[in-house]
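Enquirer: The chain contents come next:
Protein chains: 2
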Amino acid sequence: MPHHDLVIIGSGSGNSILDSRFDDWDVAIVEHGVFGGTCLNVGCIPTKMYVYASDVAQAVREASAYGIDASIDKVRWPDIRDRVFSRIDPISAGGRRYRASESPNVTLYEGHATFTGERELAVAPTDGGAAATLSADRVVIAAGSRPTVPACIAESGVPFHTSDDVMRLDDLPRRMIVVGGGYIAAEFAHVFDALGVDVTVVTRGPALLREQDELVTERFTALARDRFTVHTDAAPTAAEQRPDGTIVLTLAGQGTVEGDALLVATGRAPNGDRMDVAKTGLELTDDGRVPVDEYQRTGVEGIWALGDVSSPYQLKHVANHEARVVQHNLLHPDTPRATSHRFVPSAVFSHPQVAAVGQREQDLRDAGTAYVSKVQAYGDVAFGWAMEDRTGFAKVLASPDGTLLGAHFMGPQASSLIQVLVQAMVFGQKAQEVATGQYWIHPALPELIENALLGLPLDV
Amino acid sequence: MPHHDLVIIGSGSGNSILDSRFDDWDVAIVEHGVFGGTCLNVGCIPTKMYVYASDVAQAVREASAYGIDASIDKVRWPDIRDRVFSRIDPISAGGRRYRASESPNVTLYEGHATFTGERELAVAPTDGGAAATLSADRVVIAAGSRPTVPACIAESGVPFHTSDDVMRLDDLPRRMIVVGGGYIAAEFAHVFDALGVDVTVVTRGPALLREQDELVTERFTALARDRFTVHTDAAPTAAEQRPDGTIVLTLAGQGTVEGDALLVATGRAPNGDRMDVAKTGLELTDDGRVPVDEYQRTGVEGIWALGDVSSPYQLKHVANHEARVVQHNLLHPDTPRATSHRFVPSAVFSHPQVAAVGQREQDLRDAGTAYVSKVQAYGDVAFGWAMEDRTGFAKVLASPDGTLLGAHFMGPQASSLIQVLVQAMVFGQKAQEVATGQYWIHPALPELIENALLGLPLDV
Numbered sequence: 001m002p003h004h005d006l007v008i009i010g011s012g013s014g015n016s017i018l019d020s021r022f023d024d025w026d027v028a029i030v031e032h033g034v035f036g037g038t039c040l041n042v043g044c045i046p047t048k049m050y051v052y053a054s055d056v057a058q059a060v061r062e063a064s065a066y067g068i069d070a071s072i073d074k075v076r077w078p079d080i081r082d083r084v085f086s087r088i089d090p091i092s093a094g095g096r097r098y099r100a101s102e103s104p105n106v107t108l109y110e111g112h113a114t115f116t117g118e119r120e121l122a123v124a125p126t127d128g129g130a131a132a133t134l135s136a137d138r139v140v141i142a143a144g145s146r147p148t149v150p151a152c153i154a155e156s157g158v159p160f161h162t163s164d165d166v167m168r169l170d171d172l173p174r175r176m177i178v179v180g181g182g183y184i185a186a187e188f189a190h191v192f193d194a195l196g197v198d199v200t201v202v203t204r205g206p207a208l209l210r211e212q213d214e215l216v217t218e219r220f221t222a223l224a225r226d227r228f229t230v231h232t233d234a235a236p237t238a239a240e241q242r243p244d245g246t247i248v249l250t251l252a253g254q255g256t257v258e259g260d261a262l263l264v265a266t267g268r269a270p271n272g273d274r275m276d277v278a279k280t281g282l283e284l285t286d287d288g289r290v291p292v293d294e295y296q297r298t299g300v301e302g303i304w305a306l307g308d309v310s311s312p313y314q315l316k317h318v319a320n321h322e323a324r325v326v327q328h329n330l331l332h333p334d335t336p337r338a339t340s341h342r343f344v345p346s347a348v349f350s351h352p353q354v355a356a357v358g359q360r361e362q363d364l365r366d367a368g369t370a371y372v373s374k375v376q377a378y379g380d381v382a383f384g385w386a387m388e389d390r391t392g393f394a395k396v397l398a399s400p401d402g403t404l405l406g407a408h409f410m411g412p413q414a415s416s417l418i419q420v421l422v423q424a425m426v427f428g429q430k431a432q433e434v435a436t437g438q439y440w441i442h443p444a445l446p447e448l449i450e451n452a453l454l455g456l457p458l459d460v
Numbered sequence: 001m002p003h004h005d006l007v008i009i010g011s012g013s014g015n016s017i018l019d020s021r022f023d024d025w026d027v028a029i030v031e032h033g034v035f036g037g038t039c040l041n042v043g044c045i046p047t048k049m050y051v052y053a054s055d056v057a058q059a060v061r062e063a064s065a066y067g068i069d070a071s072i073d074k075v076r077w078p079d080i081r082d083r084v085f086s087r088i089d090p091i092s093a094g095g096r097r098y099r100a101s102e103s104p105n106v107t108l109y110e111g112h113a114t115f116t117g118e119r120e121l122a123v124a125p126t127d128g129g130a131a132a133t134l135s136a137d138r139v140v141i142a143a144g145s146r147p148t149v150p151a152c153i154a155e156s157g158v159p160f161h162t163s164d165d166v167m168r169l170d171d172l173p174r175r176m177i178v179v180g181g182g183y184i185a186a187e188f189a190h191v192f193d194a195l196g197v198d199v200t201v202v203t204r205g206p207a208l209l210r211e212q213d214e215l216v217t218e219r220f221t222a223l224a225r226d227r228f229t230v231h232t233d234a235a236p237t238a239a240e241q242r243p244d245g246t247i248v249l250t251l252a253g254q255g256t257v258e259g260d261a262l263l264v265a266t267g268r269a270p271n272g273d274r275m276d277v278a279k280t281g282l283e284l285t286d287d288g289r290v291p292v293d294e295y296q297r298t299g300v301e302g303i304w305a306l307g308d309v310s311s312p313y314q315l316k317h318v319a320n321h322e323a324r325v326v327q328h329n330l331l332h333p334d335t336p337r338a339t340s341h342r343f344v345p346s347a348v349f350s351h352p353q354v355a356a357v358g359q360r361e362q363d364l365r366d367a368g369t370a371y372v373s374k375v376q377a378y379g380d381v382a383f384g385w386a387m388e389d390r391t392g393f394a395k396v397l398a399s400p401d402g403t404l405l406g407a408h409f410m411g412p413q414a415s416s417l418i419q420v421l422v423q424a425m426v427f428g429q430k431a432q433e434v435a436t437g438q439y440w441i442h443p444a445l446p447e448l449i450e451n452a453l454l455g456l457p458l459d460v
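As given, the protein sequences belong to chains A and B, one line each in that order.
All residue numbers for the first sequence refer to the UniProt record's numbering, where the first residue is 1 and numbers rise by one.
All residue numbers for the second sequence refer to the UniProt record's numbering, where the first residue is 1 and numbers rise by one.
Any given hint could turn out to be false.
Derived BS3-like pairs: lysine-lysine, alpha-carbon spacing no greater than 27 Å straight-line [claimed, not checked]: (1) A:K430 <-> A:K374; (2) B:K374 <-> A:K430; (3) B:K430 <-> B:K374; (4) A:K74 <-> B:K74.
To be clear, the hints were calculated from the coordinates, so they are not data collected in a lab.
Bound-form chain A, shown alone:
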């Protein structure tokens, strides 16, 4: 049985741990799917390439508001798809090649890993054949997550897509049912609608983007209802396909919806449940994560975890941070660093775009925290006028003394604008000093932030 200094399970964020400082380590990487992880292959990177194409298509559709009559002559779906994957697939292949044959100290196992003991693994090769076993002094579990699919769909025999494959469709369907109400559903609903697909969104919950601040949830859902057919409080109970190919989804108490393609975007589950981690003595958290402490240690000597498989945040920027922490702690076990999950921003690249950092108003209210808030409309600052924006806003939450508690943007450039407030929160700057301590270009969009901060009814 081969023994390694370090085994990394997963080739996404885990792969980034290895730099030249590990050149004299005997390292194994285990990858059961496409090399490079979710973000590169089926997540952040390709989705945003689609989103941007759809943003452009949407801009064409909305151009008449600015006095520009424009029309879409043709959506070249194969070209969009091939532009994305002709860029991404070679990166994945190059990453694989580098580890498979150009990193002398690294062994790439292509298969699915399950634990057989504390730091012992069996790897069932992806292309079949007998499982290999291996052991290591240290194991990093960076095995990511996977799309979940409700049983009534998974077991129906009806063809369906997830974010893993929907971007590689041969052709655009005429009608698409999107099941789910979170950010993945919101992004793909935008992508396909903007490209001309008739989109129906179906979600069990009462609204879309329920993880956001309540005002974002409410306003985003209202806009989605204007744009798509939206069924809320609608749990799918059955799926069938007619002989003509039409997919029919039955919703509890709400009849049926039809489409030519079905996208399931109901969330992602950490992959720890498929690895027999109990063999190490570990128990998964109630929500299925591999538990770690602040140093990304699992509690079993020599086993670390990071990213979607263990993190409360299924976000690449958090996984990258956790990977850097694990990297340091592998190299410097006597002076370990802790992970920081303070002020983690996130964005939904839908239309409108959404971005958030810190606490939500409902959190503050539920906790009985004293706070003040200001909702500043894009349409009330000069660049928002220019954009003819009528729905976007920035909502800022602060303590009465100006300490920033949360920020929630919905509108153009939300994912860029939020950074100013991430920075302010991290460095402990108060609302009033951020607003008045610097120049804000007139008439640029950050005046939205300036005005939101100035509008807070502080008690100072």
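Fit chain B to the supplied structure of chain A, relying on the hints for placement.
Expert: Chain B in isolation, oriented as in the chain A frame:
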């Protein structure tokens, strides 16, 4: 002769001085043109509304790069124009009405003011008639600036436009000559080109945007040459109009250029030279500004100045700041505040967009300052991939210890992204702590900043 507690010359930033704290002051405002100043009527606000419409038109023109074949069916110029001015003109009219008839303590003089003594003025009514004279305990000169026009054009008798009137054209011309190489020329060249006008840019200098960092100047000019007909080192020497209406501009050593409309955008001159300020004992600076100290005082007791007429920055956000300083100093003469011109950002809303703060590389080199720099391409961060951006960049300049010295952006959202670095510079944050001390949403555009900062070859 009426005597006032305060006379404000100009109804732009100067008008914003008056709030309820001045309700028991006898105040006069003198305005010789349209109420509300340059920014509202002929500057920042309307130009950005045109720019955004043109950004949308340009997005349509460039959509095929994303697999979206789109076309512009019609540019409804009258609708674009009327959208802008139906929004702005009522604001200007409302501001005028408020001061003319709804502010009991304010007298609005509509005419051109010239000094007849230290705090004595003659106002020649805009609608003709005899000049009024008035005096005041305090005078605020906030008279702004005006477009300059080279004599060979001004005296030629050939019809020409400036930023004051070009946005109100009856129809789009087929061909437009834009004279000038600064930000106003760059913005209007984009506006009209995107709307379908054949644009020729003529500038005396060797490049466009010469006030920017040398890399921005070089790359922006190269892109402009791809898009417009650009004549550099080309001083106009004569202008004539043919019987068919064609305007012919003769360029020193470079033959002639032709157009159906002529826009002069060669800069703006402070209006102090038209006010006989010498009568107060003041002498204008060599570049024509009313000189002020850090408290916005002119040196003549009781006379302040602010904004374009006196500031080294012809920027509305600076004028607003100076107006707040003057406001405070009028109300609290014994505890005056000083103006801060530290870290003044600015932007050019052309295509690509440009934004800058702090020092330029040529400044640092000329001063012999030790510095390091990093140029980060948009195309090398994930969202830049999505945008298919091939020309944009962020350039960051810092001391070897990480103290930020300057930042220069050229590309999408430049005017938004720069705010992160304005904030960092104002609050004295170093490159390394800004880059690594906070989360940057993956894959949002601020990763451009993160990577620029991480790429600085610091000596720490």
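Enquirer: Could you run down the list of hints and mark each one as holding or not?
Expert: These are the hints, each one checked on the structure:
1. A:K430 <-> A:K374: The given pair, whose Cα atoms are some 15 Å apart, holds under the 27 Å limit.
2. B:K374 <-> A:K430: Violated: K374 of chain B and K430 of chain A sit about 30 Å apart, past 27 Å.
3. B:K430 <-> B:K374: Cα-Cα ~15 Å, so holds.
4. A:K74 <-> B:K74: holds (18 Å)
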